[in-house]
Amino acid sequence: MKAAVIVFPGSNCDRDLAVAFEKAGADVTMVWHKDTHLPEGLDIVGVPGGFSFGDYLRCGAIAAQSPITKSLIRHTERGGYALGICNGFQVLTETGILPGALMRNSNLKFICKPVDLKVESTESAFTQAYTLGQKITVPVAHHDGNYNVTPEKLEQLRDEGRIAFTYVDNPNGSTGDIAGVISKNRRVLGMMPHPERAVDENHGGTDGQAMFRGVMDALVSA
Amino acid sequence: MDEPKITEDLIAAHGLSPDEYALILEIIGREPTFTELGIFSAMWNEHCSYKSSKKWLRTLPTEGPQVICGPGENAGIVDIGDGQCVVFKMESHNHPSYIEPYQGAATGVGGILRDVFTMGARPIAAMNSLSFGEIDHPKTRTLVNGVVEGIGGYGNCFGVPNVGGEVRFHPAYNGNCLVNAFAAGLADTDKIFYSAASGIGMPVVYLGAKTGRDGVGGATMASAEFDDTIEEKRPTVQVGDPFTEKRLMEATLELMKTGAVISIQDMGAAGLTCSAVEMGDKGGLGVKLNLDAVPQREEHMTAYEMMLSESQERMLMVLNPELEAEARAVFEKWDLDFAIVGETIAEDRFLILHGNEVKADLPLATLSGSAPEYDRPWVETPAAEPLADVPQIDPIDGLRALVTSPNYAAKQWVYEQYDHMVMADTVRAPGLGAGVVRVHGTDKALAFTSDVTPRYVKANPVEGGKQAVAEAYRNLTSVGAKPLATTDNLNFGNPEKPEIMGQFVGAIKGIGEAVAALDVPIVSGNVSLYNETDGTGILPTPTIGAVGLLDSLDDLIGGIARDGHVAMVIGETEGHLGQSALLAEVFNREEGDAPHVDLDAEKKHGDFVRDNRTLIKACSDLSDGGLALAAFEMAEASDVGVTLDADDTPTLFGEDQARYLVACNFDEAEALMVAAGQAGVPITTVGRFTGDMVRMGSSEAPLSELAHAFRTGFDAAHR
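Chains A and B, in that order, are what the protein sequence lines are. Numbering-wise (this note's numbering), the first sequence opens with residue 76 and increments by one. Numbering-wise (this note's numbering), the second sequence opens with residue 533 and increments by one.
Looking at chain B on its own, in the form it has when it is part of the complex:
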């Protein structure tokens, strides 16, 4: 079959700039074939090459004694003791989800699960961080329904509990929603599998589902801005099959036990191309593929289509040839394809054969290692204007406005569509800060959270970046867990605009400082740029996924507040209202600076909570909505009223960082205060849990009324 001629239009359609094309000519010394052009485009797009972000990602702290494997593999790996480790990552599927919400979100979940079990870990928890446009924007309803159903449809069938996440609404996402999917798995530390090929002449085996034309060019699509031709891009979205993924996971884990796997890599973005090149490059080997052997579900597929297809539920592995029969038997048991499609070779070549013709013949190491890297110009985000006066508001009115807003109303409409209990180890369900999952068969548990406050990052990227890490740290601390490590999913607009690049650079700086100070290194992550539609960017949204460890479930702070408990705030309250939820939701003002994060205080206060867990009956971090919202949420979850002494807006709704609200027994409050005094940690009694009213100063309302508003607010707004 004749391949198209290489023209300027064809090059541009592949997302390659004239300079990048010139570099291709320089590397191979001739005009590329059509298939080769496709391969370069797949390897060099922003999504796969990190060409705009690499320079800055290198500055992030990624090491620590707990880290077994940092960024660069399919997922990060962290030691949890007793010969076990947790394997986790977060990844975006923003563009596909906007184009086709159900399949976009579903395959986002599928992709992240595959990243985890490719390394030999059984997935034990999933989360999602979702950002949508205004709730009454005409497109939002369809997106929310489709994305939530897609996440549920895939994860529920696969059988992984969905234990947490975030859902936010803001006009900046009207034309570009964000779907960030997190997954974590559990593995034995001595049975981890990596992607680097080894050995010459070893069979390269294709596993899983057949290859179709779906998703051809998906990674390149995901690296471009949107415009009004978006509907034409629907065929670039892949279609997910969670049933095949479940079988692929079981078969892969079973296969790994046979000893037949030398190395393994899932086929994600840019499918066969990326996985084969990555395995060869990491192992310092070449790869020869014969596409005639690739299992295909459509007829007359070209080499170009097969190399760029993003069909789901596929893996590539280098096989120990002595165990081929055993390996094949496992895949036959699960009725999945198992095909030897090539071999490792000594030369530095990526050689693609199809129908007895050479379709591509490229230097493999150069293909992978010479992706362009840009030091994009950037400008520092200007300091925020000082905040103009915020009028005093009746506290109950302010609280009611928050709890009925789609951003802060209860989200059971969302998480009841996700199975959050399958595997029967979920200790803490979603909706209450961090999710907690027991390590199966032990008394240990892992805690999971994902956090970011995009308003803060926009106003002050450095402090906003720090805050995302700090809030994740506090959420883990609030359930008594020791924070171990983090994954970052960095969603930004067009990096070719210096102000957007400035947001990125600032956020990375803040995140880096925070993960270093709080000892939660970044072990995996993903960058999603060009989140713009018709030139309008999203709020900068660097989502932080974090994992913490409970050495024993006895350490869990999982209780509720009871009548008579004292309400105390750990940390200093100054009443910072800039960029607060109250300001945004009630006064429709996104003004002022983000709250600044004192990382020393974060560490000290977090340690204090963990050290004094026996005195703390219930704990919540203070973040969006400040003391008023946290106290209400704790009261609502506990079905007991709360009385707060303060009635002024800054104290009740300020969003100062490094703070926790705790409930403790009346006769233990003093002990907690003494301990705080000794540790040099500020602590203040702010009220009491009692009765059935929510009282702030002289303003009050029945808890049941506010709880009803909180429980139905989302449904009412979403209808």
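Bound-form chain A, shown alone:
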């Protein structure tokens, strides 16, 4: 499996995401945001967590205008896989690749702690290695993770089975307790929690491993 991880100025989970892909057996290339083209023959693009462009203006808003982001949009339009975590999820919503917007946490504070998630769909490469309804523990670390969609859009996401994970105990005020959503073609996942921080016994939990394993299985056999 060939993966690329985009590096924006201010990304700070780029290495962590690359390590998680590598642990799952992927070849990983880091791609600078000023590059105009993603490498050829990619299986998946990772958009990492952090504070791209300092979260100035709006989280992910400036990164959505970076040269590489045009290439990312083309990649997903052609049916390519992408995984956006935390700030990466914010970038994916800012580009319109995924619906909704991420607003300030309802308690107005940064929150860093392990949270329990419920697996709401196993119909994607990212979630196929989990069981439906499974409870997993994955850390969150964000100031703007409060996922907002209109009631109509929420209905649609539910109808289409595009909610990947919900919070068991909603930490940030997200609509419908949503922690992660899948694109219409089920090949793009955006989520606020950090599965790459739960892939090693030393992390205190390994519930994120199945996501990377699932992606690996789907893309290697594809």
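Everything labelled a hint here was simulated from the structure, so no lab data went into it. Take these hints with a grain of salt, some might be off.
Stated by the list, open to error - The following label-pair restraints were derived from C-beta to C-beta distances:
| no. | chain 1 | residue 1 | chain 2 | residue 2 | range |
| --- | --- | --- | --- | --- | --- |
| 1 | B | Glu786 | A | Gln209 | 39 to 45 Å |
| 2 | A | Thr212 | B | Ala920 | 46 to 52 Å |
| 3 | A | Glu276 | B | Asp1051 | 44 to 50 Å |
| 4 | A | Lys188 | B | Gln1210 | 39 to 45 Å |
| 5 | B | Ile872 | A | Lys259 | 50 to 56 Å |
| 6 | B | Ile872 | A | Glu198 | 43 to 49 Å |
| 7 | A | Asp292 | B | Asp668 | 55 to 61 Å |
| 8 | B | Gly1096 | A | Glu276 | 21 to 27 Å |
| 9 | A | Gln209 | B | Asp1083 | 47 to 53 Å |
| 10 | B | Asp1139 | A | Thr212 | 33 to 39 Å |
Unchecked claim - Cut-off 25 Å, straight-line C-alpha distance, at most; resulting in silico cross-link-like pairs (BS3-like, lysine-lysine):
| no. | chain 1 | residue 1 | chain 2 | residue 2 |
| --- | --- | --- | --- | --- |
| 11 | A | Lys109 | B | Lys976 |
| 12 | B | Lys865 | A | Lys145 |
| 13 | A | Lys184 | B | Lys671 |
| 14 | A | Lys77 | A | Lys188 |
| 15 | B | Lys943 | B | Lys587 |
| 16 | B | Lys583 | B | Lys1029 |
| 17 | A | Lys109 | B | Lys865 |
| 18 | A | Lys184 | B | Lys789 |
| 19 | B | Lys976 | A | Lys98 |
| 20 | B | Lys742 | A | Lys109 |
| 21 | B | Lys943 | A | Lys188 |
As the list claims (entries may be wrong) - Residues from chain B that face chain A, not an exhaustive set, calculated with beta carbons under 10 Å:
| no. | residue |
| --- | --- |
| 22 | Cys689 |
| 23 | Lys778 |
| 24 | Glu782 |
| 25 | Trp945 |
| 26 | Glu948 |
| 27 | Arg960 |
| 28 | Thr1065 |
The C-beta atom is built at its ideal place from N, Cα and C for all residues, glycine as well.
Got chain A sorted already, so can you dock chain B onto it with the hints?
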């Protein structure tokens, strides 16, 4: 532009005494220009010159086979084997944080991170030691919120895990909070960068963010006491931009790989002045700067303002001119300023040009080396009165009072606002003694802790100084780490008062003895004096930051207590209640002597814990709150009840030193006792982890009830 005339008022406003001004006249043989006066004031203030503390700091042990670089550089460097080293320091940002809590704390974090990556190390861990006034004092809430948000806002964005620290509340900090920021980084031992310039005619390059008027005179402000004009000092606080800092770090580390860096220094206190003088002085060279080339973010800045600005996220380096194009390309990639602003010169001169005029022309070595040094008068702190009787208290009542006090309640409200997992190498999160971070890509790990018990230092500076080091040593030991070295952040009141100077001298003596005995040399540090408001000083607070090494994560003592585990105390319990947490929190009495520290016992007991780690399932050092609080915290973290046999106050709440609480399997307890016997280490079985109650003698309460009180105590008090 005309510069102001030098008057007595102007001299005083620069924090220079008449004697110091006379010395300036003697050195340069003429009246200084306004810019020169500013430069002297920046170099000679307490914050930059250590003029009151230098004499005593020299007595601290700073060497050892593990030490690669001791105090004097941006940060200390300690060997961790396999060609790698850990680079660390702790520094205060007390005055700015009191004036403007968010930016003061944020730029404190920024400054310490810069100290670390300036040396070629990627920051891998941060901690903070915070001291605030009483929790219900009108100013405390704003300060706590602002400081915690500022630390989080900067560190989270920069992307360094915050793995530990302390938060305390005491009326002595009502008018002067303390914000001590620690950072550690990892570097290859053969790729360390220092500040000494070398080579004549080498370009001096300005890197990073542009210069503005923020922070002009900040270091001088930080060297004065506060009074009711404090609000007027707000413009002297700098404004932080962690996004620029992150790019500056990436660009600097990338630049270092090109071979273009001859020497490098971050611009911290007194910005361009201090960094340029330090680089020249260490290299035995002069420096010529042309301020017209300095990237500026405001218009019409004067030489004075540029030389004293403390704008953040800036560096100065001496460049290998052959690699200028490569170096410039790195900074262009990261969209940061890269400007040649001067050159190294052979003469001993600090020459500042601006708009074709000479604004300053000073002898550089003298400017740096002739800062006044004071042997301030001091008096020894009188011995504490013996402790009057302490009434017996129901143990559960005593414990409940401790766990609900803001000082000892769980602090997740604070550390959940800090990203403690970014970089994905955090093995032990904050809240449980030392933080542990894996050395990326290896099986090794580093442990970090910061400690001091200011009550002890006030009662007995020598023993209190020792205790701060000993507690740090024990916290590292409790996770199985071998303590390597320390950094000290010495926060005291006005050194011109002999009793305050006596606290300082005593604490240094204690710290020195302890770091020598425990082989944890001081490799970096910072002194913050004049922590007084309207003449009232803080508790003497010499914070000790310490770093330990785990050769393998297999050596980690990171487990929890389980039902059936035996609770044992390593070390001698005599029941010392003087200056104890119980006495302060329950009886509102800060009385008696501090517990005395037996350094031989500390060393022996620490070695014993490390040598017998396989028999120890969970370990905690005994400090504030004694056995009762440590046993509760271990039970709470493990979600299993605990029964302690003792019911008397001294045994349960005494704060004798050199002690650890350990949990071990029933069938291994005997082996541990035999080992202790052979090693000559006192060990006592004190109870058992079992069930879901906390029991001490005949007093008991459900663990869940106390845990709830412990988890919500801080929030309840802070609201």
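Each hint, compared with the structure:
1. B/Glu786 / A/Gln209: 39 to 45 Å: holds (42 Å)
2. A/Thr212 / B/Ala920: 46 to 52 Å: holds (51 Å)
3. A/Glu276 / B/Asp1051: 44 to 50 Å: Given a distance of about 32 Å, which is not inside 44 to 50 Å, the answer is violated.
4. A/Lys188 / B/Gln1210: 39 to 45 Å: holds (43 Å)
5. B/Ile872 / A/Lys259: 50 to 56 Å: Cβ of isoleucine 872 of chain B to Cβ of lysine 259 of chain A: about 54 Å, so the range 50 to 56 Å holds.
6. B/Ile872 / A/Glu198: 43 to 49 Å: At 59 Å between Cβs, range violated.
7. A/Asp292 / B/Asp668: 55 to 61 Å: Between aspartate 292 of chain A and aspartate 668 of chain B, where Cβ atoms are some 57 Å apart, the hint holds.
8. B/Gly1096 / A/Glu276: 21 to 27 Å: For glycine 1096 of chain B and glutamate 276 of chain A the Cβ distance comes to about 24 Å; the hint holds.
9. A/Gln209 / B/Asp1083: 47 to 53 Å: Taking Cβ atoms as reference, glutamine 209 of chain A and aspartate 1083 of chain B lie about 37 Å apart, which means the hint is violated.
10. B/Asp1139 / A/Thr212: 33 to 39 Å: holds (37 Å)
11. A/Lys109 / B/Lys976: Roughly 36 Å between the alpha carbons, so the hint for lysine 109 of chain A and lysine 976 of chain B is violated.
12. B/Lys865 / A/Lys145: holds (19 Å)
13. A/Lys184 / B/Lys671: holds (20 Å)
14. A/Lys77 / A/Lys188: violated (31 Å)
15. B/Lys943 / B/Lys587: violated (38 Å)
16. B/Lys583 / B/Lys1029: Holds - the C-alpha atoms of lysine 1029 of chain B and lysine 583 of chain B are around 15 Å apart, at most 25 Å.
17. A/Lys109 / B/Lys865: holds (9 Å)
18. A/Lys184 / B/Lys789: violated (38 Å)
19. B/Lys976 / A/Lys98: holds (19 Å)
20. B/Lys742 / A/Lys109: holds (23 Å)
21. B/Lys943 / A/Lys188: Given that 25 Å is the threshold and the Cα spacing comes to 13 Å, the pair holds.
22. Cys689: For cysteine 689 of chain B, the interface hint holds, since the closest Cβ of chain A sits about 4 Å away, which is under 10 Å.
23. Lys778: This interface hint holds because 6 Å falls under the 10 Å limit.
24. Glu782: holds (8 Å)
25. Trp945: With Cβ-Cβ at 9 Å, under 10 Å, it holds.
26. Glu948: holds (5 Å)
27. Arg960: holds (9 Å)
28. Thr1065: Not OK, violated: threonine 1065 of chain B not within 10 Å of chain A, min 29 Å.
The structure fails to meet hints 3, 6, 9, 11, 14, 15, 18 and 28 from the earlier list, while all remaining hints are met.
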